[in-house]
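**Student:** As a plain string of letters, each chain reads:
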Amino acid sequence: MDSQLFIRTLSSVLAQSAPLVFAGIGEAITEKAGVINLSLDGSILLSAMGGFAVAYVTGSATFGVIAAMIIGALVALIIAVASIELCQDQVAIGFVLSLLCTELSSFLGNPFVRKPGPSVPHLPIPVLSDIPVLGPLFFSHNLLIYASFALVFLAWFWMFRTQSGLRLQGIGERPEAAFARGINVNRMRYAYTILGGALVGAGGAAYSLSVKLGWSHRHTAGNGWIALAIVIFGGWHPVRVAFGAYLFGGLKSMGSILQRVVPSVPTQVFQTAPFALMLIALLLVTSEALDRVAAYLPPRIRRAVTHALRGSPPESLGTVFSRE
Amino acid sequence: MKLPKRFTGLLLNLAPIALALVFTTVILFVANAPPLEAYSNIWAGATENATKISSVLMAWVPLALCAAGLLVTFTAGLWNIGVEGQIAAGALLVTWVARTISLPSPVLIPLLLLSGMLGGALWGLLCGLLKTYGHVHEIFAGVGLNFVAAALTNFLIFGPWKPADGATMSGTDPFPQAAWLPRLGNLPLVPMALGAALLAIAVVYIAIKGTLWGLELKAIGKNIRSAFLMGIPTNRHLLVSFAVCGALAGLAGAVQAAGVRQRLIPGISAGYGFLALLVVLLSGQRPLLTVPIALFFALIGVGSPRLELRMQLDSSLGGILEAALVLFVLLGNGVRQRRSSLKR
Chain A
1 MDSQLFIRTL SSVLAQSAPL VFAGIGEAIT EKAGVINLSL DGSILLSAMG
51 GFAVAYVTGS ATFGVIAAMI IGALVALIIA VASIELCQDQ VAIGFVLSLL
101 CTELSSFLGN PFVRKPGPSV PHLPIPVLSD IPVLGPLFFS HNLLIYASFA
151 LVFLAWFWMF RTQSGLRLQG IGERPEAAFA RGINVNRMRY AYTILGGALV
201 GAGGAAYSLS VKLGWSHRHT AGNGWIALAI VIFGGWHPVR VAFGAYLFGG
251 LKSMGSILQR VVPSVPTQVF QTAPFALMLI ALLLVTSEAL DRVAAYLPPR
301 IRRAVTHALR GSPPESLGTV FSRE
Chain B
325 MKLPKRFTGL LLNLAPIALA LVFTTVILFV ANAPPLEAYS NIWAGATENA
375 TKISSVLMAW VPLALCAAGL LVTFTAGLWN IGVEGQIAAG ALLVTWVART
425 ISLPSPVLIP LLLLSGMLGG ALWGLLCGLL KTYGHVHEIF AGVGLNFVAA
475 ALTNFLIFGP WKPADGATMS GTDPFPQAAW LPRLGNLPLV PMALGAALLA
525 IAVVYIAIKG TLWGLELKAI GKNIRSAFLM GIPTNRHLLV SFAVCGALAG
575 LAGAVQAAGV RQRLIPGISA GYGFLALLVV LLSGQRPLLT VPIALFFALI
625 GVGSPRLELR MQLDSSLGGI LEAALVLFVL LGNGVRQRRS SLKR
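Protein sequences, first through last, are from chains A and B. Be aware that the first sequence starts at 1, since it is given in this note's numbering, and climbs by one per residue. Be aware that the second sequence starts at 325, since it is given in this note's numbering, and climbs by one per residue.
Chain A extracted, bound-state conformation (with noise of 0.2 Å):
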């Protein structure tokens, strides 16, 4: 491969993971609040839906990807009303809701099927784009694009190195203590579960107006569980969930080059390919095996390595806050 097919590659495989980036982070922003959406498989197909859908009637995608947002912060509207209002199972409402979008996706959204509509249109920013090598790969993409790299960054800048970033982790972790300091603990739990939904429903926009143009029935199916998947293999951590994307991003276009130069694999392995890489990482970063291993390593590089590997849950990840 010469190298400029390698960066057009690499390029492509950065734009491709922009929605699982959007969707992976606002799960990771929802969940260290403490509140598990569960319904991202059915939100963010019908955000995709409701997002070209909009896109398709106004002729703008940009009220596409507005409406795709509503969408995904409304269904996690409910998750949040049903977890800390009414102090139902979170998980049992996120299925239940990720069956509910599925199928409303299929009933609304079979006038849009196959229909050629607007997309988010190609912006290459001048000057910029014309940089070797970080030019096509960073500059020369169109602005959902854009959004999703900086969203890595504000979002990792937000949670690490602001007063409210810390603060998102205190009702995370120790909701009693966050709400001794006077913070209201579930006002910021409702906030943080819509702004995480709004970002699933930007990943759904995503898909439908960027990387997987147009709708079809069960367009997205798969990848809300590969999401959530990414959160936890990403520690919780934006930088390491966008690593995750990207990696699988990555991970699935050598699939795709590979059935072109090996056509004699079923077709079935290269489909299978994303759920069963999706147990081995999560084998990878929750299995016992993982400190066997590093065990064996000196003690400066273990560290290193479990640091980079291992993320743990939030303390009081799906669970109920009440003053008492």
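Hints listed in this document are in silico derivations from the structure and should not be mistaken for laboratory results. Any given hint could turn out to be false.
[Unchecked claim] Which residues of chain A face chain B? A few of them, derived with a C-beta cut under 7 Å, are:
(1) 86
(2) 96
(3) 99
(4) 100
(5) 103
(6) 107
(7) 110
(8) 271
(9) 272
(10) 275
(11) 279
[To be verified] Facing chain B, from chain A, some residues (calculated, C-beta under 8 Å):
(12) 87
(13) 108
(14) 127
(15) 225
(16) 276
(17) 278
(18) 283
[What the hints assert, rightly or not] Just a sample of chain B residues kept apart from chain A, beta carbon distances all over 12 Å, derived:
(19) 364
(20) 465
(21) 508
(22) 542
For each residue, glycine too, the CB sits at the ideal point set by N, CA and C.
Start from chain A and add chain B according to the hints.
**Tutor:** Positioned in the frame of chain A, the structure of chain B alone reads:
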């Protein structure tokens, strides 16, 4: 105005059902379709003749079997989303046996049912091993294995098991006749499958409510750490409950392959695993309630495709009604709990 207490209680019970209907009706209005015509089409599509009613009963069988299995894993506090894959795994092993072993029907059919249970149990056990020894959450293990099982099914249908005249979405060649589960006359109804499903629910009911095993399972479901400290072998119980659920789901797969389709088709699990999860959630994990709820779901499932034929609507409307019903019931439970805790 002050309403009598019992009346408000009843209202709170019925409100979720009404809200689910209102929600689905609004969706129909959005799609520009007459709601009453849609509902009557679903009803007619499920009940217009004896064949349809038989289909409803045969759709009830996998729902009831999987719900019975899920009652076990739910009791142990597990979120077993992998039922779809366990159905498929059962159907795969059944297909293999039906294609390779030729025996007279009375011997072959029990063997087929057992191999379905074995296939499902092994697939469930795999999920359990990932959970207990790999520390992978069962939701991800289940979802991942669902996709793997679906791909394996497609690979076999389009690869080693493809019919002589080329592979299509209609699946493998029909099984030899000795492997067909006996039907009731000309109707697509397999009496032994109905019996098996009823038996499964009864056995699970007794096992959970009346045995030490069920009690220990419940202890694990409530608090796995204290159950472990009390000396209950938690890992073994979790693995067994995954295997039991898998076996029942695999039996559903066997009925689908050898009783309903008489062949292996892509997507043999047909979403029954997910729907059964909704059934159990809706029943509040009460075994006896799963019987009528599964019947209601079966009715909607069989009736909905008529929306596509008669009204050019997508058949997913049935799924919307079912999922909305569960969502509103769960929200309703929350409202009721909140009211009773405020009163105190």
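**Student:** State for each hint whether it applies.
**Tutor:** Verification of the supplied hints:
The beta carbon of residue 86(A) is positioned within 7 Å of a beta carbon in chain B (closest approach about 3 Å), and the interface hint is therefore held. Nearest Cβ of chain B to the Cβ of residue 96(A): about 5 Å, under the 7 Å cut. The hint holds. Checking residue 99(A) against chain B: minimum C-beta separation of about 5 Å stays under 7 Å; hint holds. Evaluation of the residue 100(A) hint against chain B yields a held restraint, the C-beta minimum of about 4 Å falling below 7 Å.
Among the interface hints, the one on residue 103(A) holds; its C-beta lies about 4 Å from the nearest C-beta in chain B, closer than the 7 Å criterion. With 7 Å as the threshold, the beta carbon of residue 107(A) comes within range of chain B, its nearest partner Cβ sitting at about 4 Å, so the hint holds. Satisfaction of the interface hint for residue 110(A) is found here, the shortest Cβ-Cβ separation to chain B being roughly 5 Å, below the 7 Å cut-off. For residue 271(A), the suggested interface contact is upheld, since its CB lies about 5 Å from the closest CB of chain B, less than 7 Å.
Against a cut-off of 7 Å between C-beta atoms, the interface hint on residue 272(A) holds, since the closest Cβ of chain B lies about 4 Å away. Nearest Cβ of chain B to the Cβ of residue 275(A): about 4 Å, under the 7 Å cut. The hint holds. The beta carbon of residue 279(A) comes within 4 Å of a beta carbon in chain B, closer than 7 Å, and the hint placing it at the interface holds. Of the supplied interface hints, the one on residue 87(A) holds, with its beta-carbon coming within about 6 Å of a beta-carbon of chain B, less than 8 Å.
The restraint placing residue 108(A) at the interface with chain B holds, with a minimum CB-CB distance near 6 Å, inside the 8 Å limit. At a threshold of 8 Å, the smallest CB-CB gap from residue 127(A) to chain B is about 44 Å, leaving the interface hint violated. Evaluation of the residue 225(A) hint against chain B yields a held restraint, the C-beta minimum of about 5 Å falling below 8 Å. The beta carbon of residue 276(A) is positioned within 8 Å of a beta carbon in chain B (closest approach about 6 Å), and the interface hint is therefore held.
Interface hint status for residue 278(A): upheld, as the beta-carbon distance to the closest one in chain B is roughly 5 Å, under 8 Å. With a least beta-carbon distance of about 5 Å to chain B, the hint placing residue 283(A) at the interface is held under the 8 Å criterion. Every C-beta of chain A lies more than 12 Å from that of residue 364(B), the closest at about 18 Å, which supports listing it as non-interface. With a closest Cβ-Cβ approach of about 7 Å to chain A, residue 465(B) is found to fall inside the 12 Å limit, against its non-interface label.
The claim that residue 508(B) lies off the interface holds: its Cβ sits roughly 32 Å from the closest Cβ of chain A, which is beyond the 12 Å cut-off. Against the 12 Å criterion, residue 542(B) stays outside the reach of chain A, whose nearest CB is about 17 Å from its own CB.
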